[in-house]
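> Based on the sequences and whatever the hints tell you, model everything.
2 protein chains.
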Amino acid sequence: MPEKYLENCLYFTVNKLSRVISKMAEESFRPTGITPTHGFMMMLVNNKPGISQSELAEELHMTPSTITRFVDKLVVKGLAERKVQGKMSHIHPTKAGTEIQTDLEKAWKDLYRTYSDLLGDEEGKALTKATHLAAGQLES
Amino acid sequence: MPEKYLENCLYFTVNKLSRVISKMAEESFRPTGITPTHGFMMMLVNNKPGISQSELAEELHMTPSTITRFVDKLVVKGLAERKVQGKMSHIHPTKAGTEIQTDLEKAWKDLYRTYSDLLGDEEGKALTKATHLAAGQLES
DNA sequence: AAATTTCATTTGCTTGTACAAACAACTTAA
DNA sequence: TTAAGTTGTTTGTACAAGCAAATGAAATTT
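As they're listed, the protein sequences go chains W and B. Using the numbering used here, you'd call the opening residue of the first sequence number 105 and step up by one each time. Using the numbering used here, you'd call the opening residue of the second sequence number 105 and step up by one each time.
You may find that some hints are simply not true.
It does not matter which identical chain is meant; a pair holds if it fits inside one copy or across any two.
Below, computed lysine-lysine pairings styled on DSSO-like, alpha-carbon distance capped at 27 Å [said to hold, decoys possible]: (1) 199 x 233; (2) 210 x 229; (3) 127 x 233; (4) 177 x 152; (5) 127 x 229.
Everything labelled a hint here was simulated from the structure, so no lab data went into it. Only a predicted model underlies this, so the values are computations on that prediction, with no experimental measurement involved.
Here is the structure:
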């Protein structure tokens, strides 16, 4: 299977794109002091204080164990706190957590601008949509 | 930034798709006894015995350190061997390595079929192409 | 009410991947 | 021909993410 064939493989191209855009996202979020995924999680917490971990898992499409670790980190960083109630954990933003929201939104917009400028606005949107759709179709 | 907004973010959708298709690829490659990425590496080695690690890094779009670890594993599994020559490492397939080539190709085809069936043949191709293009445009 | 099942979270362990620093071998120029 | 720089590989360390099993609480069944 000669060299160039790899780029006809969705597994391959998607993983590569994932690495590239992840690096870009880290760059955009650097000023906030947290990584992109932690940033998204924090925004979800700010958006709905008291959100449960399973809701976070649902939104972020990540497994519960990963969510636990990520919440741990937000707590250690003083951005959020866990209120345990029976078997549920409810996550609330701290003052510091509320305060970085603006930075997070800025970072997110910045990321959006960066890749949109490189891909073209419409192309970026189209790719995002296609990617989202495909992910949905493939998970079964 | 309310819930559904995440799906308008390329970083997000791409990472999700990457997780989904990686799982699918693992599934397809399970019969071969190695993971998809090791499988691709092995195919490259079979395709060009004596290939250097930097060539592998180039083809696979991965960093040299990652390549080292992956080659290590192929060696440990008895599928390949390193012939060190000066500062270069040349990777050759062993007998066992040559022998699993057919299985690897089958796994690869199987992966292709699986996602093409779910996405539609043309859509799958188009997405692959778009993804490849985008990765190229973004890495700068 | 006790036993069982279900559910949300946690913990231990594993894998993939990267970066930074180190190292080793080659190249070039004074 | 030695010093300086470059290039290919390796090693140490770290982090994201997952799985499987464990825990602890709630809900359901007997």
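> Which earlier hints turn out false for this structure, listed by number in ascending order?
The structure conflicts with hint 1 only, although it agrees with all the remaining ones.
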